[in-house]
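**Q** Protein sequence lines correspond, in order, to chains A and B. Under this note's numbering, the residues of the first sequence are numbered 4 to 213, in order. Under this note's numbering, the residues of the second sequence are numbered 4 to 213, in order.
Calculated from the structure, these hints are not laboratory results. There may be inaccurate statements among the hints.
Note that identical chains are pooled: a pair holds if it fits in a single copy or bridges any two copies.
Listed below are the simulated DMTMM-like cross-link pairs for lysine to aspartate or glutamate, each with C-alpha atoms no more than 25 Å apart in a straight line [stated by the list, open to error]: (1) K142 / E76; (2) K85 / D200; (3) K8 / E211; (4) K85 / D121; (5) K72 / E183.
Protein chains: 2
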Amino acid sequence: MRKQKVSSAVIRRLPRYYRHLTDLHLAGVERLSSSALGMSLGMTASQIRQDLSCFGEFGQQGYGYNVDKLRGEISEILGMGKGHTAVVLGAGNLGRALMENFHFDRSGFELCAAFDVDPALVGRQVSGVPVYHVDGLEKFLEEHPVSIGVLTVPRGVANHIASRLVAAGVKGIWNFTNIELMVDSAGVIIEDVHFADSLLALSYMISEEQ
Amino acid sequence: MRKQKVSSAVIRRLPRYYRHLTDLHLAGVERLSSSALGMSLGMTASQIRQDLSCFGEFGQQGYGYNVDKLRGEISEILGMGKGHTAVVLGAGNLGRALMENFHFDRSGFELCAAFDVDPALVGRQVSGVPVYHVDGLEKFLEEHPVSIGVLTVPRGVANHIASRLVAAGVKGIWNFTNIELMVDSAGVIIEDVHFADSLLALSYMISEEQ
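Isolated chain A (complex conformation) (with noise of 0.2 Å):
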C-alpha cells in the first residue's frame, strides 16, 4: 500500500487523524467532505489529501471521505491490527495509572504482564494484569514474545533494563522516563514521551496570552 518513505511528520499526525475520525464517527457522522475534515483540525484540505496521498487513494471527488471507512484504512496503516503486545517495566505510580487507566487494546496493543521489583506488588495483579519479578524478565519474554516494553522505571535504572529489552527481542521501547536512552537499539525503535515539551509549549502559549 506505502508508496514512498513517509516523513515523521505525517506519522505523528496520523494518530490525530485517526483520534478525530473516532470522535466524528461515535457522534454519528458517516460521510464528510475534505474541507470539513481539514476545518475541524485546523488543516487546509489538501494537506490533508497530500498527507494520505502517501499510502494511496482515499475519498472521492465530490463526495469527499467515508468516516468509518477511512478510519479503518488508517488504523490499517498504523498496524493496529497486527496483535501487538506489551508489557509494562515498572508497576510504581506512573505504571500503575497507565495500567488502569489507559487503554492499550484501543491501540491495537495487548498488555500482558508488568515487571517489578517491589515485593509488595510482585506477586499481584493490577487491573487484571500479572506483576512479576523483574529477574524473570528474560524467561517471559522468550516464552511470550512481546512487541514493546513500556518504559516507567526510575530513571537510574532506566538504561539497564532499556538494555535487557533490546537483547530480548522487543520491537520498540515506550520510554515514559524522561531520560534519552543510551541503548545500542539498531532496529529497535524508542520513542519517548516528553512530559516536558508538552508543557513547554503551554507555557509558550499562556506567555504569548498575557
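Starting from the known structure of chain A, fit chain B onto it as the hints suggest.
**A** Chain B alone, transformed into the frame defined by chain A:
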C-alpha cells in the same frame, strides 16, 4: 521580540531545541554550527534558521550558535522565566507520578498544591506539595493565582473540574485525561497529552520494521 504569528509546528519544535541544547550544554558543548545542530536534530540547518527567524536573529554567520546563549534565548521565548505556577487536580496514580517524578521547576513552573477528594490523601503532602480537598479549590485559587491546572482526575469528572478551573481564572489546563474537554475556554489554553497518539506512532514504526 516576536515578529509574526508563529505556527503551531514551530512552537512544538522549540521545546525539542531547548531539550537538545540542554543536553549539549551538559555535555560541555559551547558552540555548534547550524548544520551540526541540524544534523543532531535530524533537520536541515535552514529549517532551524527559519524556525528561529520567527523570533529574531540568532547565531552568527561563520560562527554558529553559542549553545548556552541560544538555550537561554529559547527559554525566554518559551516563557520559562515568567514565574508560572501550577496545581494538580487529582492526586491518584498519575497525579502522584507527576508530583514525585516530574520536575516542574525545570520547565519554569512552581507546583503549589494538589487537590483530591480521597480522605487518605487530603491533608497530606506528596513530595513536599500539600494535598487539599477539592472543595477548597476556588478559595485557594483566589488567594494564590495559578497559571495552570494539571488535570489528572478520572475522566468522568474531567469537564466539571476543568470548568471550575476556567471559572477560577487559570490561563491554561494541562490535560492528561485523554478526553477532549468541552469547556467554555475562551482565552484559556488547553494542552492535551495524548498518550495514544504516541503509542500509535510507535505501532506504525514497529509495523514498518517487520
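**Q** Confirm or reject each hint.
**A** Here is what the structure says about each hint:
no.: 1; hint: K142 / E76; result: neither (36 Å within a copy, 49 Å between copies)
no.: 2; hint: K85 / D200; result: between (30 Å within a copy, 17 Å between copies)
no.: 3; hint: K8 / E211; result: between (36 Å within a copy, 10 Å between copies)
no.: 4; hint: K85 / D121; result: neither (33 Å within a copy, 40 Å between copies)
no.: 5; hint: K72 / E183; result: between (38 Å within a copy, 23 Å between copies)
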